[in-house]
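Chains as they are written, first to last, in this note's numbering: chain A, 1 to 426; chain B, 1 to 426.
If you are wondering where the hints come from, they were derived from the structure by calculation, not from laboratory data.
Predicted, not measured: the structure shown is a model, and the values here were computed from it.
You may find that some hints are simply not true.
Chain copies aren't distinguished; within one or between two, either way the pair holds.
[Claimed, not checked] With a cut-off of at most 16 Å between alpha-carbon atoms, the simulated EDC-like pairs for lysine to aspartate or glutamate come out as follows:
1. LYS178 with GLU13
2. LYS207 with GLU332
3. LYS178 with ASP159
4. LYS38 with GLU290
5. LYS33 with ASP212
6. LYS110 with ASP211
7. LYS225 with GLU343
8. LYS28 with ASP18
9. LYS225 with ASP411
10. LYS207 with GLU394
11. LYS178 with GLU191
12. LYS168 with ASP214
13. LYS312 with GLU152
14. LYS423 with ASP203
15. LYS178 with ASP237
16. LYS33 with GLU341
17. LYS95 with GLU315
There are 2 protein chains.
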Amino acid sequence: MLDTPPGYQTLTEQTLTDFLAEDESNAKLLGGKPSDWKINEVGDGNLNLVFIVRGPSGGLVVKQSLPYLRLVGESWPLPLNRAFFEAEALAAQWKHAPNLVPQVFKYYPKMYCIIMELLEPHIIMRKGMIDGIEYPQFAEAITEFMAATLFETSDLAQDTHTKRAGVKMFSGNDTLCKITEDVIFTEPYMEHANNRWTAPYLDDYAKRWRDDKDLAVGISRLKQKFLTCTEALLHADLHTGSIMITKTDTRVIDPEFAFYGPIGFDVGKLIANLIISYFSQAGHEQQPGERDQYRRWICDTIIQVWNGFRTKFLERWRNVQSVNAYPNALFEGPAGEAALEAERIAYMDALFTDSLGFCGASLTRRILGIAHNIDLENIADERQRANCEARTLEVSRLLLTNTSGCTSIDDVVALLERQHATKDCF
Amino acid sequence: MLDTPPGYQTLTEQTLTDFLAEDESNAKLLGGKPSDWKINEVGDGNLNLVFIVRGPSGGLVVKQSLPYLRLVGESWPLPLNRAFFEAEALAAQWKHAPNLVPQVFKYYPKMYCIIMELLEPHIIMRKGMIDGIEYPQFAEAITEFMAATLFETSDLAQDTHTKRAGVKMFSGNDTLCKITEDVIFTEPYMEHANNRWTAPYLDDYAKRWRDDKDLAVGISRLKQKFLTCTEALLHADLHTGSIMITKTDTRVIDPEFAFYGPIGFDVGKLIANLIISYFSQAGHEQQPGERDQYRRWICDTIIQVWNGFRTKFLERWRNVQSVNAYPNALFEGPAGEAALEAERIAYMDALFTDSLGFCGASLTRRILGIAHNIDLENIADERQRANCEARTLEVSRLLLTNTSGCTSIDDVVALLERQHATKDCF
Numbered sequence: 001m002l003d004t005p006p007g008y009q010t011l012t013e014q015t016l017t018d019f020l021a022e023d024e025s026n027a028k029l030l031g032g033k034p035s036d037w038k039i040n041e042v043g044d045g046n047l048n049l050v051f052i053v054r055g056p057s058g059g060l061v062v063k064q065s066l067p068y069l070r071l072v073g074e075s076w077p078l079p080l081n082r083a084f085f086e087a088e089a090l091a092a093q094w095k096h097a098p099n100l101v102p103q104v105f106k107y108y109p110k111m112y113c114i115i116m117e118l119l120e121p122h123i124i125m126r127k128g129m130i131d132g133i134e135y136p137q138f139a140e141a142i143t144e145f146m147a148a149t150l151f152e153t154s155d156l157a158q159d160t161h162t163k164r165a166g167v168k169m170f171s172g173n174d175t176l177c178k179i180t181e182d183v184i185f186t187e188p189y190m191e192h193a194n195n196r197w198t199a200p201y202l203d204d205y206a207k208r209w210r211d212d213k214d215l216a217v218g219i220s221r222l223k224q225k226f227l228t229c230t231e232a233l234l235h236a237d238l239h240t241g242s243i244m245i246t247k248t249d250t251r252v253i254d255p256e257f258a259f260y261g262p263i264g265f266d267v268g269k270l271i272a273n274l275i276i277s278y279f280s281q282a283g284h285e286q287q288p289g290e291r292d293q294y295r296r297w298i299c300d301t302i303i304q305v306w307n308g309f310r311t312k313f314l315e316r317w318r319n320v321q322s323v324n325a326y327p328n329a330l331f332e333g334p335a336g337e338a339a340l341e342a343e344r345i346a347y348m349d350a351l352f353t354d355s356l357g358f359c360g361a362s363l364t365r366r367i368l369g370i371a372h373n374i375d376l377e378n379i380a381d382e383r384q385r386a387n388c389e390a391r392t393l394e395v396s397r398l399l400l401t402n403t404s405g406c407t408s409i410d411d412v413v414a415l416l417e418r419q420h421a422t423k424d425c426f
Numbered sequence: 001m002l003d004t005p006p007g008y009q010t011l012t013e014q015t016l017t018d019f020l021a022e023d024e025s026n027a028k029l030l031g032g033k034p035s036d037w038k039i040n041e042v043g044d045g046n047l048n049l050v051f052i053v054r055g056p057s058g059g060l061v062v063k064q065s066l067p068y069l070r071l072v073g074e075s076w077p078l079p080l081n082r083a084f085f086e087a088e089a090l091a092a093q094w095k096h097a098p099n100l101v102p103q104v105f106k107y108y109p110k111m112y113c114i115i116m117e118l119l120e121p122h123i124i125m126r127k128g129m130i131d132g133i134e135y136p137q138f139a140e141a142i143t144e145f146m147a148a149t150l151f152e153t154s155d156l157a158q159d160t161h162t163k164r165a166g167v168k169m170f171s172g173n174d175t176l177c178k179i180t181e182d183v184i185f186t187e188p189y190m191e192h193a194n195n196r197w198t199a200p201y202l203d204d205y206a207k208r209w210r211d212d213k214d215l216a217v218g219i220s221r222l223k224q225k226f227l228t229c230t231e232a233l234l235h236a237d238l239h240t241g242s243i244m245i246t247k248t249d250t251r252v253i254d255p256e257f258a259f260y261g262p263i264g265f266d267v268g269k270l271i272a273n274l275i276i277s278y279f280s281q282a283g284h285e286q287q288p289g290e291r292d293q294y295r296r297w298i299c300d301t302i303i304q305v306w307n308g309f310r311t312k313f314l315e316r317w318r319n320v321q322s323v324n325a326y327p328n329a330l331f332e333g334p335a336g337e338a339a340l341e342a343e344r345i346a347y348m349d350a351l352f353t354d355s356l357g358f359c360g361a362s363l364t365r366r367i368l369g370i371a372h373n374i375d376l377e378n379i380a381d382e383r384q385r386a387n388c389e390a391r392t393l394e395v396s397r398l399l400l401t402n403t404s405g406c407t408s409i410d411d412v413v414a415l416l417e418r419q420h421a422t423k424d425c426f
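For reference, chain A alone in the conformation it holds in the complex (with noise of 0.2 Å):
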């Protein structure tokens, strides 16, 4: 058994209906007697504890961290504080961009646990898209996400004082950045015990990742930057199955990564995700073609997605009294209006620059790497999977030695459909 600090214990369907009793503000919104509350435990991810709580009034979820990687168990120890971080960045995210995630109605620190809003109907996205379920809503919710979390909590937006501070507490979350350093960045560029693929199929490709320093140059600077850049606030693990979703309403969830980081890396994370499902597609079709209409709709959420959250990134950007980074009053009268209006432009170019890069990582780590996604897993025809996930690597290789030639939303989508058209490798 792991060592806890006094006063956390992990959370059971036993005892969690008297720790919800005890707090009255609890109580009340569940109503009724705490006999009547009904406990699920749901965690289907890989870190932590998650209950859903239903009583005669309504509904909470409890997010509990445990002391190790729920995934492997005991054998990988994770720090509690993750639940902490969590919290803290749901605060700021509710703060900047309200409704688009689940409402925070308390944090219990010394149980590492977190009382949120009950999202229903609410699915995660990547189920919605493997179903191959269209969200018309999605990529306004989103970029408005993006926009409004990144930009607020850039130094474009805040004053030195509190962005410091922002980084001063969020480096205390130096073991989950640890993780994406690992994991991400490194181990699917070298020989690693935690890595996996679709084999014998992609054993060729596993090799040439190794082998092919184009990569290794391109994955080191990348790392490089989520080493040093503390550019915004990032959610940092912000991909389909982060969003909870309905036609009507998006909420992104799990900020548990969150940190100061480049802004490339979370639009290039999400970006990564609707790649990937669209490149798995295929691998739920009844008969080819089936899902072209569904691609076309990721196309065009692709496309929204970026140029959506640039939209609204530079409409934030035109519209605040900046004092920090590129301080207004350097900028007076129509000279300094142009010229920084032409820098803002410049500023989204190099983001995008640094979007790609961070998406191509996205890719290969999910199909090379320790974390895969049910996108690709479910598909059961194993030969089947691995085209579909060799396709996804040669986007990544372009991508990550910046040799695709895309130089807008538009170019990477071409470039998805051009891989998509190609004959099968297996």
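Use these hints to put chain B onto chain A, whose structure you have.
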């Protein structure tokens, strides 16, 4: 009177004897009886109290934070904890570059006071350079200092936990970071009460600097990097006034601005202050050309500073078993080593570009901003001083707007010599 925490009181020549006598180690180092100790307050800097204490057996330096900016007074409060950050930085620097900083004997947290090695017969390098003194050992020492402290605190050498703990600690030095952000990266490019210059000669330059939007963009890009890049633990005020020197020994002092920032800021600031000395020499000549040989020495030193830093930084990188940024495991074998070596060179090239930008920023701020250098201020003839300053500003502008065309340090020196040969403006 500003509030100060319990246990803090400003030391005076009267109270310092008792304070030192309370600690046996100080008494032992000084020797004799407390009444034998000679105390002089010598703080000619802008921020703190500095006492030199001599006893029969030895001497020491006492440096204590004041709760305000000494240069301005109580109207500009400053956090006492800058002494804590200075003590921490000195300890880190001593660890990586022993004998290139004063040794810290003890830090007294409640008094915000550092007891450290007395450096004798060292003088402030800037004063020596005004007198035209050559320091043959300087380039060797300062390049070792920079390469050791900057490489060893970067992600190339530190594991992520150590690095992020360092970022966390030094993020608390935000008030001193903000001074730099304001006085270097903002105020000289706008109308601000803090600014001053050699009027009326430089009035047109000051106006041009406020109106030129290429400069506004250039300085803002550098500020953005200063705000968001945690590449290594910087000294962060590395100029010739922060160096105590003899012909055979070099020590870097006063790292109270220390924080995790972009490496080019330390390198560029140092080179900028050598450039200021270069252009100021004309104001210290009795007749034109008298200091030609000394200018040659400065140019040689500038070349040695960059080349020596580059060589030593690369040497450390080639010999480190890096597990974090650019992990060795990704670059095994001859192809891996070749790719990594090419990337090391590319990294140093990017660092050179960064350094030139920060050099440009450090030139302008000493001529149009709040804090000026005695290199120039000591030139009594204002017309002559303005001519030196105008040449410096022309170089500053080329570097800030990235239009100097300099791709090597030799190019930089050639630029200085061309600029020196131009006709006087005034």
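Hints and how they fare:
1. Proximity of LYS178 and GLU13 under a CA criterion of 16 Å is satisfied in neither setting, with 32 Å inside one chain copy and 50 Å between copies.
2. In this assembly of identical chains, the alpha carbons of LYS207 and GLU332 lie at most 16 Å apart only when taken from different copies (14 Å versus 55 Å within one copy).
3. In this assembly of identical chains, LYS178 and ASP159 lie within 16 Å of each other by CA distance solely across copies; the values are 9 Å between and 28 Å within a copy.
4. Neither within a single protomer nor between protomers do LYS38 and GLU290 lie at most 16 Å apart by alpha-carbon distance, with minima of 41 Å and 91 Å respectively.
5. For a Cα distance limit of 16 Å, the shortest separation of LYS33 from ASP212 qualifies neither inside one copy, at 62 Å, nor across copies, at 71 Å.
6. In this homomeric assembly, LYS110 and ASP211 never come within 16 Å of each other (Cα to Cα): the closest approach is 47 Å inside a single copy and 56 Å across copies.
7. Taking identical chains as interchangeable, the C-alpha atoms of LYS225 and GLU343 lie at most 16 Å apart only when they sit on different chains, with a minimum of 14 Å there against 21 Å within one chain.
8. For the identical chains of this complex, LYS28 and ASP18 are intra-copy neighbours only, at 14 Å inside a copy versus 63 Å across copies, given an alpha-carbon limit of 16 Å.
9. For the identical chains of this complex, LYS225 and ASP411 are neighbours neither inside a copy (24 Å) nor across copies (29 Å), given an alpha-carbon limit of 16 Å.
10. With identical chains, the CA atoms of LYS207 and GLU394 are at most 16 Å apart within one copy only, with a shortest distance of 14 Å there and 54 Å across copies.
11. Neither within a single protomer nor between protomers do LYS178 and GLU191 lie at most 16 Å apart by alpha-carbon distance, with minima of 18 Å and 45 Å respectively.
12. Taking the shortest alpha-carbon separations for LYS168 and ASP214, neither the intra-copy value of 34 Å nor the inter-copy value of 33 Å comes in at or below 16 Å.
13. In this assembly of identical chains, the alpha carbons of LYS312 and GLU152 lie at most 16 Å apart only when taken from the same copy (12 Å versus 40 Å across copies).
14. In this assembly of identical chains, LYS423 and ASP203 lie within 16 Å of each other by CA distance neither inside one copy nor across copies; the values are 19 Å within and 69 Å between.
15. Taking the closest pair of Cα atoms, LYS178 and ASP237 come within 16 Å of each other only inside a single copy of the chain (13 Å); across copies the shortest separation is 31 Å, beyond that limit.
16. Taking the closest pair of Cα atoms, LYS33 and GLU341 never come within 16 Å of each other, the shortest separation being 59 Å inside a single copy and 68 Å across copies.
17. Within a single copy, LYS95 and GLU315 get their C-alpha atoms no closer than 18 Å, and across copies no closer than 48 Å, so neither meets the 16 Å cut-off.
Of the numbered hints stated above, those contradicted by the structure are hints 1, 4, 5, 6, 9, 11, 12, 14, 16 and 17, listed in ascending order.
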